[in-house]
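If you want the building blocks of each chain, they are given just below.
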Amino acid sequence: MTDALDGWTAWLGKHGAALVLLARQWVADRADAEDIVQEAFVRFWRSRHKAVDPTAYLYTCVKRSALEWLRSRRRRVQREEAAARPEIAAGERWFACPLEQDERRAAIEASLQQLPEAQREVLVLKIWGELSFPQIAEALGISANTAASRYRYALAKLREQLAEEPIP
Amino acid sequence: MTEEHDPLEAELHSLRPHDVSLELQRRIAKRLTDVSSASLGYKPRWRLAIVGGCLAACLTAVALLWPDRHKIDEPSSRAGGPPLVATTVVENNRPATLQMYRRALAESPEALETLLDKQAALSAASDSSSPCWRAFTWSPADLFN
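Chains as they are written, first to last, in this note's numbering: chain V, 283 to 450; chain W, 34 to 178.
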């Protein structure tokens with residue numbers, strides 16, 4: 283499937299946006315997220331041949347780099363503060379969308395922010411990373427059943443939080 | 034598993050994350066290029082080390098095994114090494130005959146003394162354990178004490 287991609291540019295083109303989105307689960311700043319993705323991608327490209335599932339390994343590298351970034355930069359407190367914020371500052375949006383859908387987008391992003399980290403990262407990998415549950419399990423070091431459960435809980439919670447918001 | 038055609042899932046799928054910036058692509062390209070250059074520029078220095086070691090070993094062997102030319106002209110089989118005085122005696126490596134003694138005595142006392150010295154040196158070179166011959170072992174004065 284995606285393993286047939288040749289060249290790092292193809293890999294980055296297919297997964298880059300989702301990788302940055304995943305990194306932003308741990309850092310609020312997009313620039314910091316891209317720094318994390320840079321380190322993770324270089325690490326991945328050097329050692330991808332050792333991975334059983336290179337796609338899952340790529341996302342594993344991003345998560346590890348994000349955690350290392352947090353430890354080294356001592357941003358844990360800042361991350362908690364960023365997670366508590368109900369709104370995301372302009373220019374730091376996660377998604378690109380037409381202006382008429384911007385309000386809905388903001389609501390979804392705010393709801394995503396409210397999800398537990400374990401559920402949110404599964405949701406990001408499934409929806410925007412387009413990974414299968416076995417791949418998500420490989421990337422996060424959990425079982426496929428656990429990944430599927432977290433995904434269901436995340437959707438249920440999002441659905442509940444967005445219930446008041448009209449779906450266009 | 035999730036329900037098929039879940040509207041929320043479809044809506045979430047419709048949201049596209051921002052693409053990676055050009056700056057990030059350039060930085061990754063540079064990092065990967067640096068990694069590749071470092072790999073290609075690696076020289077097998079261990080090969081140079083092995084060649085240098087072999088060369089040093091060869092030079093050492095040549096230095097140790099190369100015969101010393103200065104020793105070819107000197108007698109190396111004599112134990113203790115021949116004294117310098119016996120160098121000329123070695124050339125006439127024969128004990129003096131009676132005729133040689135008579136001829137030396139007829140010539141002069143000094144000639145006889147010289148012949149005696151040569152024979153003494155020859156004897157010392159052939160057998161380092163042999164006593165050192167001297168004309169007299171005691172002084173004439175001792176005979177009268």
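Treat the hints as calculated values from the structure; they're not laboratory data. On a predicted model such as this, the values are computed, not experimentally measured, just so you know. Glycine included, C-beta positions come from ideal geometry on N, C-alpha and C. Keep in mind that a hint or two might mislead.
[What the hints assert, rightly or not] Result set (SDA-like, lysine to any residue): computed pairs, CA atoms no more than 25 Å apart in a straight line:
1. V:Lys332 - W:His51
2. W:Lys63 - V:Trp290
3. W:Lys63 - V:His331
4. W:Lys63 - V:Ile424
5. V:Lys296 - W:Arg136
6. V:Lys345 - W:Ser156
7. V:Lys439 - W:Ala62
[What the hints assert, rightly or not] A few chain V residues facing chain W, derived, Cβ under 7 Å:
8. Val302
9. Phe323
10. Glu374
11. Ile409
12. Tyr435
13. Ala438
14. Arg441
15. Ala445
Here's how the hints hold up against the structure:
Pair hint V:Lys332 plus W:His51 does not hold up; C-alpha atoms about 30 Å apart against a cutoff of 25 Å. In summary, the hint linking W:Lys63 to V:Trp290 is supported, as the alpha carbons are separated by about 12 Å, within the 25 Å threshold. Taken as a hint, the W:Lys63 and V:His331 pair is honoured in the structure, with Cα atoms around 21 Å apart against an allowance of 25 Å. With a CA separation close to 34 Å, the supplied pair W:Lys63 and V:Ile424 exceeds the 25 Å bound.
Taking the CA atoms of V:Lys296 and W:Arg136, the gap is about 118 Å. The hint is violated against a cut of 25 Å. Restraint check for V:Lys345 and W:Ser156: not satisfied, since their Cα atoms lie roughly 96 Å apart, outside the 25 Å limit. With a CA separation close to 40 Å, the supplied pair V:Lys439 and W:Ala62 exceeds the 25 Å bound. Interface hint status for V:Val302: upheld, as the beta-carbon distance to the closest one in chain W is roughly 6 Å, under 7 Å.
The interface hint given for V:Phe323 holds, since its Cβ lies 6 Å from the closest Cβ of chain W, which is under the 7 Å cut-off. The beta carbon of V:Glu374 is not positioned within 7 Å of any beta carbon in chain W (closest approach about 10 Å), and the interface hint is therefore violated. Contact between V:Ile409 and chain W, as hinted, is supported at the beta carbon level, the nearest pair being about 5 Å apart and thus within 7 Å. With a least beta-carbon distance of about 11 Å to chain W, the hint placing V:Tyr435 at the interface is violated under the 7 Å criterion.
Of the supplied interface hints, the one on V:Ala438 is violated, with its beta-carbon coming no nearer than about 9 Å to a beta-carbon of chain W, more than 7 Å. At a threshold of 7 Å, the smallest CB-CB gap from V:Arg441 to chain W is about 5 Å, leaving the interface hint in force. For the restraint placing V:Ala445 at the interface with chain W, the shortest Cβ-Cβ distance is roughly 10 Å, beyond the 7 Å limit, so the hint is violated.
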